[in-house]
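Q: Protein chains in written order, with this note's numbering: chain A, 1 to 145; chain B, 1001 to 1327; chain C, 2001 to 2119.
A hint or two may mislead.
EDC-like, lysine to aspartate or glutamate: derived pairs with alpha carbons at most 20 Å apart [claimed, not checked]:
1. C:Lys2095 with A:Glu99
2. C:Lys2038 with A:Glu99
3. C:Lys2095 with A:Glu111
4. C:Lys2041 with C:Glu2106
5. B:Lys1235 with A:Glu95
By construction, these hints were calculated from the structure, which means they are not laboratory data.
Because the structure is a prediction, the values reported are computed rather than measured.
This is what each chain is made of:
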Amino acid sequence: MNGLQRIPILKVGRVLIVPIQTDMDDHTVVHLQERILSELERTRARGVLIDISLLEMVDSFIGRMLSDIAAMARIMDARTVVVGIQPAVAITLVELGLELNGVSTVLNVDEGIRLLRDEFGIDENCDEEDAPGGLSGFGHAVNHP
Amino acid sequence: MADTGATTQAQQDAERISTLLAARRDEILNLWIKDRLESDEFRDELISKKELRQQSRNLLELFTEAVRDSGGEAFEHPAFDELRRFLNEISHLRAVKGYTPVENATYVISLRNSVRPMLVEEYQSEDSFRLASLLGHLATMIDKMALVMIENYIRSREETIRQQRADMMELSTPVIKVWDKILSLPIIGTLDSRRAQLMMEALLQRIVETGSTVAILDITGVRTMDTLVANHLIKTVTAARLMGARCVLTGVSPAIAQTMVQLGIDLSQITTRAQMSDGIRLALELVGRAIVPAQTLAQLRHLNGTAANGLKPIEAHAPAPGPENGK
Amino acid sequence: MVAARSEVRALAAAVGFRLLDQTRLATVTSELARNILKYAKRGRLIAQPTSGPQGRAGIRLIFEDKGPGIPDIDAAMRDGFTTDRGLGKGLPGSKRLVDEFSIESEVGRGTRVTIIRWL
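Input sequences plus hints: build the corresponding full structure.
A: Right under this line is the structure:
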């Protein structure tokens, strides 16, 4: 059942882009979270951009995945941006009482890239490890000004 | 109708009334119609004598049958269903013509005035208890009929009002694109659940369509703020934020500000400004623009052209500044 | 569970619900079906169109299981979550997504949650 839904994780510069295109079952969600974190570690990316503009539903499980990814990525000195929450999904999330704390949310991929660049200094064009704001390995405490 | 066993008082009353109604039908009808025609309220522009006669005859017939079949039961009994249906029908017809509910009720009640004297005449030798019961039974049924007419009127009015409100709501939730990436939603009048829902959906939809990152919600036109309205506002702001749009609340009067604080509303999530103009200024800043006096703009362009700070200007060979660079 | 969500969404669309309500129903299905899987391992979802007073159309969803049951329904229905952690049974949130919500549960026998959304 797991292998059926293979959600791509793309790397563009220092940013991982995760386009979620299908409705996910709980296994896929858990598996995706693991994969994103391991990719973060492997590539030392500094940004994660999760595109859910094609997702028609976000429930508490998926909501928690997004919050968890943001929190864990942060520990690895990476920032997470969730992109493309649809109006129906936004309303449902609010009604459910999910606030997605710690998750930056923007309308589309352009805004997401811009946010990562302008606010967190993460440049998708740059591939070097010591770009401004870059770090030299994972697990360092985060105390950047 | 049933002769077996003990007849209740109600059964006897019903039987007596229906018998009289059937026996003296024409007399009752004439008396009733005459009473109507001669009353102050009769409006001959709304209904012709012929129509009135026809309507009254039908009503009387249905009434007679219903009483006969009811066996003394109350108005809720199925025997009265046909009568009730007819009453709803004429109530509607009359409302359309322009009769008021009082006129409709009076029409029905005046039937009693025709029947009552005949009942008294017929049963005057009865003991007072039985006579009272008989007249009471008649009165109860007539009153119920009048109530049906009134209820029906009220119901159709409410339906009309509901429809009008729906139409109004459609018209009153405009979301305006003020500038590139900036939307404005002026909220006017009373906010109820349904309207607030519609507004929220309209705003979110426009955010997607225009790619806006700022929405100015102007509540200058909102008279009162209660918990319900406040919750809807917060819901809208939170949902918009999830979509990456920041909301600015403008037109907050001191009274409403006070109410919001008293209601314990968490304002940390919402940026507020007293005036719409302040809201616009902030919105522009948020999307990286500013409103400057034209003079300042001219000065800026001038500086850019004369390399005042020693650096090579961007368009050193350009002619006099025209439209903005990059536009 | 993905299938359950899709079916509910399809039924909702057939009854005439708009996208927003379809999403609400799919989300509620997800939440409540997950509870069943989490606590009772297996259960049943019945989805049916329904009609109410004055001829209103709507949809009724019944989530049944023969699981351990909920000892304190009041506690489960209290909205004690201000963060996204430890969401528990997600019942208060689900309640907000629908028009009518009822829950019957008996420890050791099972649980039934019935929800209705009107058009």
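Q: Does each hint fit the structure? Answer for all of them.
A: Consistency of the hints with the structure:
no. : hint                     : result
1   : C:Lys2095 with A:Glu99   : holds (17 Å)
2   : C:Lys2038 with A:Glu99   : violated (23 Å)
3   : C:Lys2095 with A:Glu111  : violated (34 Å)
4   : C:Lys2041 with C:Glu2106 : holds (17 Å)
5   : B:Lys1235 with A:Glu95   : holds (8 Å)
When each numbered hint is compared with the structure, violations occur for hints 2, 3.
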